[in-house]
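Peer 1: Residue numbers (the numbering used here), protein chains in the order written: chain A, 1 to 437; chain B, 1 to 437; chain C, 1 to 437.
What the hints contain is simulated information worked out from the structure, not anything from laboratory work. A virtual CB, placed ideally from N, CA and C, is assigned to each residue, including glycine. There is no bait here: all hints are sound.
For lysine-lysine, the following DSS-like pairs were computed, each having C-alpha atoms within a straight-line distance of at most 30 Å:
1. Lys71/B x Lys179/B
2. Lys184/A x Lys69/B
3. Lys184/C x Lys315/B
Now the in silico label distances, taken between C-beta atoms and shown as ranges:
4. Tyr277/C x Gly242/A: 36 to 42 Å
5. Asn112/A x Val142/C: 34 to 40 Å
6. Ala155/A x Ala215/B: 23 to 29 Å
7. Gln37/B x Tyr228/C: 53 to 59 Å
8. Thr173/C x Tyr216/A: 24 to 30 Å
9. Pro136/A x Pro199/C: 40 to 46 Å
10. Thr374/A x Ala143/C: 50 to 56 Å
11. Gly242/A x Ser292/C: 31 to 37 Å
12. Lys225/A x Ala215/B: 50 to 56 Å
13. Thr173/A x Val109/C: 33 to 39 Å
14. Glu131/C x Asp264/A: 55 to 61 Å
15. Asn112/A x Glu131/C: 41 to 47 Å
16. Asp210/A x Thr173/C: 28 to 34 Å
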Amino acid sequence: MGQASCKGLYQSLFDYKTEKYVIAKNKKVGLLYRLLQVSILTYLVVWVFLVKKSYQDTDTSLQSSIITKVKGVIFTNTSELGERLWDVADYVIPPQGENVFFVITNLIVTPNQRQETCAENESIPDAVCSEDSDCPPGEPVVAGNGVRTGRCLRAENMQRGTCEIFAWCPVETRSRPEKPLLGKAEDFTIYIKNFIRFPKFNFSKTNVLDTKDRAYLKSCRFGPKDPYCPIFRLGSVVRWTGSDFQEIALQGGVIGIQIEWDCDLDKAPSECNPRYYFSRLDRRFPGNSVSSGYNFRFAKYYRDEAGVEFRTLIKAYGIRFDVLVNGRVRLPWGGWAGPGPDRHVGRDPAIHLLAHPALSLSVLQAGKFNIIPTIINVGSGVALMGVGSFFCDLILIYLIKKSHFYRNKKFEEVRSGHPGNGKVTAEQLQNLQTVEA
Amino acid sequence: MGQASCKGLYQSLFDYKTEKYVIAKNKKVGLLYRLLQVSILTYLVVWVFLVKKSYQDTDTSLQSSIITKVKGVIFTNTSELGERLWDVADYVIPPQGENVFFVITNLIVTPNQRQETCAENESIPDAVCSEDSDCPPGEPVVAGNGVRTGRCLRAENMQRGTCEIFAWCPVETRSRPEKPLLGKAEDFTIYIKNFIRFPKFNFSKTNVLDTKDRAYLKSCRFGPKDPYCPIFRLGSVVRWTGSDFQEIALQGGVIGIQIEWDCDLDKAPSECNPRYYFSRLDRRFPGNSVSSGYNFRFAKYYRDEAGVEFRTLIKAYGIRFDVLVNGRVRLPWGGWAGPGPDRHVGRDPAIHLLAHPALSLSVLQAGKFNIIPTIINVGSGVALMGVGSFFCDLILIYLIKKSHFYRNKKFEEVRSGHPGNGKVTAEQLQNLQTVEA
Amino acid sequence: MGQASCKGLYQSLFDYKTEKYVIAKNKKVGLLYRLLQVSILTYLVVWVFLVKKSYQDTDTSLQSSIITKVKGVIFTNTSELGERLWDVADYVIPPQGENVFFVITNLIVTPNQRQETCAENESIPDAVCSEDSDCPPGEPVVAGNGVRTGRCLRAENMQRGTCEIFAWCPVETRSRPEKPLLGKAEDFTIYIKNFIRFPKFNFSKTNVLDTKDRAYLKSCRFGPKDPYCPIFRLGSVVRWTGSDFQEIALQGGVIGIQIEWDCDLDKAPSECNPRYYFSRLDRRFPGNSVSSGYNFRFAKYYRDEAGVEFRTLIKAYGIRFDVLVNGRVRLPWGGWAGPGPDRHVGRDPAIHLLAHPALSLSVLQAGKFNIIPTIINVGSGVALMGVGSFFCDLILIYLIKKSHFYRNKKFEEVRSGHPGNGKVTAEQLQNLQTVEA
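Just chain A, same shape as in the assembly (with noise of 0.2 Å):
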């Protein structure tokens, strides 16, 4: 008999299992169960294919690399600093134009510090003295600019002063003009050059319009009237963020750039173009005085004839800017017959893909990486459909009026150990038969 049952188990391997099914001639039910199975393919073709392309291949894997270029000129006249010109190698810092860059728009200068003793600023509270021995000498000043000596400095017939201190004297006592210095670099531009590349299509693109016209690379501005030209004006950047640049200019603030590109290989290169956003990164938090404005302290370093060291020091009120890329790039299935000569890469893709075997294996990996996601996609799409075999049979097996009769055609009881009570002789004897054929 084991043999029997070998033999009949590799004669039974290619017959078709296939369920049974009841057909239930109830028209609520089936309409209801139809409604299921249109939503969930539906949502399967329209949103999982048609709108998040899941049969397109992404990559938001992007190497981008960006240079930028501030340029303007102001005249100030103070009576401090005297006529002065300010150009790009005085205002901007750090001067190599990388993606995070800032220009000065206010400053307070104090020139000729030297090393040598004198008075703490008055308004540093831990400064405040009396008496000499208010003054430990060799104790930093909390928040302050020096070290003790352990002199109270005090203006004659005066019950307080400020302990004197070893600093880089004068300190700085100006407080911030309320005028923004270099209020008129509202009008600087930035010329921002971005070259982006999918490492795994080897797709390249820049954000400088491909145009033979030198003239107009000159001339234009970035504004809705002109998307796609690179150069952005300071004053309707901060504009675009919703800041006043008065206000910026005076106290300082972080601003974001963000270039973001969305590339659908299967249209033409040209159509793949960056957008651009602008966004105010230090928010101003109300009453939350404390964290707002952007500010620091540099120094330029002289020598005197003498050899001695001395200095100015600026603090520094201006415009951090971030520029931020990020990307994506969508290439169909099969797509590389697609984009054509106007690609950048300018070879013929299946001429590429056996140049360089390493990338052609990146490509089909590529590819792969999407077979995974359809497959969850759809699998999961078809599991769905059982979810809602189940709630129909629910209503149809309980809910119904005539739910009983249904129940009792659905399930088909069988009960093998009591053998003598008619149901189960006729089965059995059925059974038997079958065996018997």
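Given the structure of chain A, go ahead and fit chains B and C onto it with the hints provided.
Peer 2: Just chains B and C now, kept in the frame of chain A:
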């Protein structure tokens, strides 16, 4: 007949087809199946939905901006530099207060370097010579400071000397101080302002406590007792990474300060607070002494009265801080109604949605994004139940005692191929009967 | 009856319901279904688990720290600058040795600029004038160096001249040298130290070879023969990107150095080594000459004896290097027992787990993270089998010759409403007949 079939198809379109089940009155297999069902349901409900909160929409695309400010002064008195006070403009490089900054803790100063000829540093192997022919003119010294002039400089009565070079002279010869010059930098403080924004939800926050008490931010220090104070003592930060401050101050190192935001918008925004993690990024590997420490050289350039340039070369050892931010915000489905007026946005979200079509689009999209993972999770859980049935079926029809009986009940064998033997007729008869009934 | 139903429900709770199957003895459809089953199983086992290694836990959240150091000197002798030696402090900007740094390869020096009046550069279109009224005083020259004073400076007998401006005078007039001044920068070396750490697994590594041989790191150069040496020759790096060094040295450019870590903790940590990729980030686009090159201006500030500031303006052309790191580590399930003593952590992982509760938690969580994708992959694969059955069913009941017969067997039509009409009897009768046939 084709017409009849068409009509039948139309009629049966809303029939509900449901699988026919065989009820096996076997408690063991039944129990096993229920256990599997309960496990999968528990996994879905507890793990996928409650723990992983898959029903929530998660946004990890964070806009972040960091402003740092170091404070503190140090007084040093060395034979080399004399009395000197070091303030922020002296020891922080670069001065801009970005997320990466360097604090000098130790340094070698080589003042008054000029472009002229002098002897190369004796410790450089390539510069050692015994006669002029060892110093081919015009050739740079490997890993050295200049180009050879062709002369070998030897002290009297000495066999060996070093090549004369044209370089910034005198060359740097001092070795690293054995005690960090600015070892007191331990007491410096770093004030880190971090502004974040999750653009998808337009949710903004800062790590600076929203307090009216200005004095708090002047005196607080971050620590276990004060986890929301944004001011960090340098020495403590180094200690928390498990390093010794005097050792890192001597040789230099890189320390990472990670700010992590994990905001659940189910709760009040005031409960969305950052957590800070400190780690030493330039791990020291045992027996890999070459790669330890962090230092670099920079110069301050001067001109004398004759207009000739000279410089002070500084080899700076110190600590580089890399402040990194990452985070995610979780929004429950329909959660816009939740947080209410104390959300920073400060407007009714519904109004906000209507007022900004672009935003409302992105929010909707955010919501939809969530449908796909939910369906995938539920769908694959349901599919897993199929795996459960499969195993229970295997047991039922192969492994238990009465399996033969159940096998016959479960599988109804049909065979076509004997037309005319009345079987099909009988079926069609029965069909007829069904329709008539 | 409700009570009876309740009791029945309880009794039937542990009944096992299994689908009733119809065995269709059709070899073609059976074979097709088996093929589909085998394909899906193969996909799951081979692709999802063996190739994609879904059973492994992957961590791509990388902590990375980079320290760079450029070495090399160049001697130049030009009419303009005289004899001069360039060392690291002169040509690397910024000096800190971060992951982004710039090496000057060509420059235009404009020394001794002072704040005064002079003629604007003739090549600026906006500065050309023929009489004083062409130079409205106080107005800045567009894309120029200063503000107009109101005078038009013309050489004798010339019709046209340029406006006088107040600026840093004299203005920069020299054009870019036709041969890069520091063309020998080709021989400079970059030493890149990269420390990585995967926090989830507490796995650390550096790209600096763990060698006792200090001389190795002084003499080795990265290349195909020496893929683990962290010292790179500038000229080679540029060549590997497909660019010509002298051309990039002349105009400037941006080069990306990508360090990629792909560590499989199944293997020994010594097999976890970085791979380096070099690419030119500022792609040159044909016919887009405007966007080529990389340069910026910076100034060195001096004071003369009278305390008047003057400066040397430098327009620097050169190569910016962006060092980027990405990586992932893969840990097999239960893989902590694997790597053994030569893992860097240097402790028994089990002990490690016990000693650091927080870490052990994160490791466990990492493991759990993996369950969801596994279930999703298996679940959707199983669901796909349902799609297979669906297609085979379609063929069986619509497309083959005997489809009508199988359709009637698969679907059992039931109709409620005429209880007691002998229909069920007829079916059972028919069953009996089928068996007899």
